[in-house]
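Participant: So you can see what is in the structure, the chains are spelled out below.
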Amino acid sequence: MENLIKEIHTAVMEGESNIVQEKVREAMAAGLPAARILNEGMISAMSAVGKLFEEGEYFVPEMLISARAMQAGLVLLKPALKEADIQSTGKVVIGTVKGDLHDIGKNLVAMMLEGAGFEVIDLGTDVTPEKFVNAVRENKPQIVAMSALLTTTMSAMAATVETLKSAGVREQIKVIIGGAPVTDEYAHMIGVDGFAPDASRAAALAKSLLAA
Amino acid sequence: MNNRERFIKAIQWEPVDRILTYDYLDNTAILRKYGGYDDTRKYTFEELVEVNARAWKNIGVNVTRSIHDPVNHWMGGKISNWIRFFGADPSKWGVSQGGETAWISKRPFKNLTELEKHMPNKPVYEEVRDWYQPFIRYVQQVHDHYDVAFIGAVEGPITDAYSFMDMELFAQAIYDAPELVSHVMDCTGLFSAHIARAFAEVSSVPLLFMGEDIAGTTGPIFNPKFVRQEGLPRWKWITAPIKEKGMKFLYHTDGRYGKFLPLIFNELEADGLNPIERNNCNDIFEIRREYPHKLLFGNVCCIHTLPHGTLGDVEDETLELIEKIGPQGGIFIGSSSEVHDAVAVENAAMMYQTVHEYGSYPIDVERIRRRRAELRQNGSLHQRASEPL
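For the protein sequence lines, the chains are A and B, in the order given.
Using the working numbering, the first residue of the first sequence is number 5, and each one after it goes up by one.
Using the working numbering, the first residue of the second sequence is number 69, and each one after it goes up by one.
Rather than coming from a laboratory, the hints here were simulated on the basis of the structure.
These numbers come from a predicted model, not from an experiment.
Glycine included, every Cβ here is placed at the ideal spot set by N, Cα and C.
Only true hints are included.
Distance ranges between label pairs, derived from CB positions:
no., chain 1, residue 1, chain 2, residue 2, range
1, A, Glu30, B, Leu180, 25 to 33 Å
2, B, Ser272, A, Ser159, 36 to 44 Å
3, B, Lys77, A, Lys169, 56 to 64 Å
4, B, Phe353, A, Lys86, 52 to 60 Å
5, A, Gly60, B, Pro246, 21 to 29 Å
6, B, Lys304, A, Glu175, 53 to 61 Å
Here are the simulated lysine to aspartate or glutamate pairs, DMTMM-like style, with alpha carbons at most 25 Å apart:
no., chain 1, residue 1, chain 2, residue 2
7, B, Lys311, B, Glu73
8, B, Lys327, A, Glu18
9, B, Lys185, B, Asp157
10, B, Lys293, A, Glu59
11, B, Lys293, A, Glu61
With the sequences and hints as input, model every part of the structure.
Facilitator: Take a look at the structure:
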């Protein structure tokens with residue numbers, strides 16, 4: 005049993021989707037609880053991947069294939085998780101802000117958040133402030149995450165925060181931001197709850213905000 | 069002596085009378101104010117080149133590689149090249165444009181199986197040469213007329229490959245189908261190598277720039293082992309014709325690229341760097357200390373100082389570069405990456421004016437320090453107010 009969890013963990017870290025699926029099937033057939041497979045096999049593996057990324061041992065491709073491997077396992081686990089009424093860590097609405105069409109950074113953050121056990125509602129790119137507001141009303145997330153790659157589109161983050169405020173939903177959520185030109189200083193300036201310089205730290209930030 | 073002549077001497081580390089300015093323009097307001105660009109009319113390529121060259125001349129930029137087109141984003145040109153030289157099917161590719169950015173909105177593949185059916189062909193040298201040489205000759209001629217030196221530029225084989233394949237598919241294919249990555253990079257590498265060869269045969273400005281974005285703000289995007297194994301040999305295809313003619317080679321990657329410097333300088337033997345992003349990415353002063361014989365292009369911050377700083381901030385940051393690196397030579401001052409649309413025209417102009425005002429050799433370091441002290445005393449600094457002299 006222990007070995008199966010370890011094998012799932014290793015396979016996620018190495019981005020081996022087929023092995024993850026094979027071992028998740030075996031673990032489920034052996035009667036291991038879905039929550040344990042998820043937490044000890046997959047989420048902990050993605051957390052290790054994030055750490056290796058922060059330490060400069062893993063890079064974007066390694067992170068992507070690990071996230072893909074986790075997804076492959078999650079597909080098999082989802083029915084069992086639902087049946088056992090296992091709740092996600094939290095819910096995040098994510099999008100690249102208005103005027104900006106870059107998605108790789110946002111996608112990486114979404115994958116790492118899923119890897120950390122969050123339910124992620126991805127609004128895509130070029131997301132207007134109004135669309136963020138509607139998504140908050142509809143999905144009731146704990147966190148809204150915004151991404152911008154361009155200096156010229158960073159200002160849309162501030163505009164989105166203002167729109168969230170005027171719509172009366174800002175207090176219901178934590179707002180986090182990231183992207184190449186974004187800094188901690190800018191995050192303070194526009195009054196959001198946090199800034200993360202990369203996908204791994206974004207997932208850690210989201211968790212710490214919920215724990216606070 | 070004109071700026072092309074100055075530039076040729078400066079990149080050989082020969083004495084010149086002043087520091088030159090260099091930049092990449094992505095700012096329509098500058099094109100309007102200094103080049104006379106009129107939003108209500110259509111421009112031919114030839115007219116656009118002239119408007120750009122005029123803008124640079126009038127604002128005080130001496131060296132460039134850009135031709136800014138406010139209507140058609142450069143991404144469209146990239147697809148046209150793939151269609152023309154890689155045999156890509158024009159009906160299956162599309163570019164969409166919005167705001168100041170553009171993206172590939174249509175590709176004939178979404179996964180590796182589909183990619184395999186739409187692999188690019190290797191480009192043919194003669195075809196690339198016949199397209200590129202008239203282009204570079206014409207552009208350099210027009211810029212020469214306005215006393216601006218126009219350098220050559222190619223895309224790096226990794227960057228062009230992940231643009232072609234899409235970053236996520238490229239990243240996965242590194243592990244799942246390395247042979248496909250290798251073939252695509254052969255095509256992109258050969259295309260840039262052909263341009264380099266065509267450039268080396270005819271260019272009046274002996275410097276080629278290669279844009280290869282392999283780092284982000286927190287460090288490398290790709291495993292350095294992959295970059296060395298797949299990138300380096302193909303980069304050498306590009307530098308070979310340049311080095312053969314005794315020309316210089318400039319390496320470009322955005323982001324925090326410190327880990328790659330030994331590869332770029334010691335193994336590839338690049339002659340210089342651009343951009344040199346600030347924003348917690350790179351320290352130009354440290355790079356100069358570690359690699360004193362490399363050319364540096366930059367680096368007034370285009371994330372903070374140029375778009376959000378006061379005129380005093382811009383002047384101070386420019387003066388610091390002149391003061392600390394100028395005396396040793398080998399620096400070409402401009403933005404840390406590009407002058408984009410969020411940069412106020414006045415701030416860009418201040419950066420270039422400062423170089424022209426204080427960048428004459430021998431550099432008067434005392435005068436610069438007096439001016440920097442004055443900027444502090446009279447409260448002209450906002451972002452740089454806490455920066456020590």
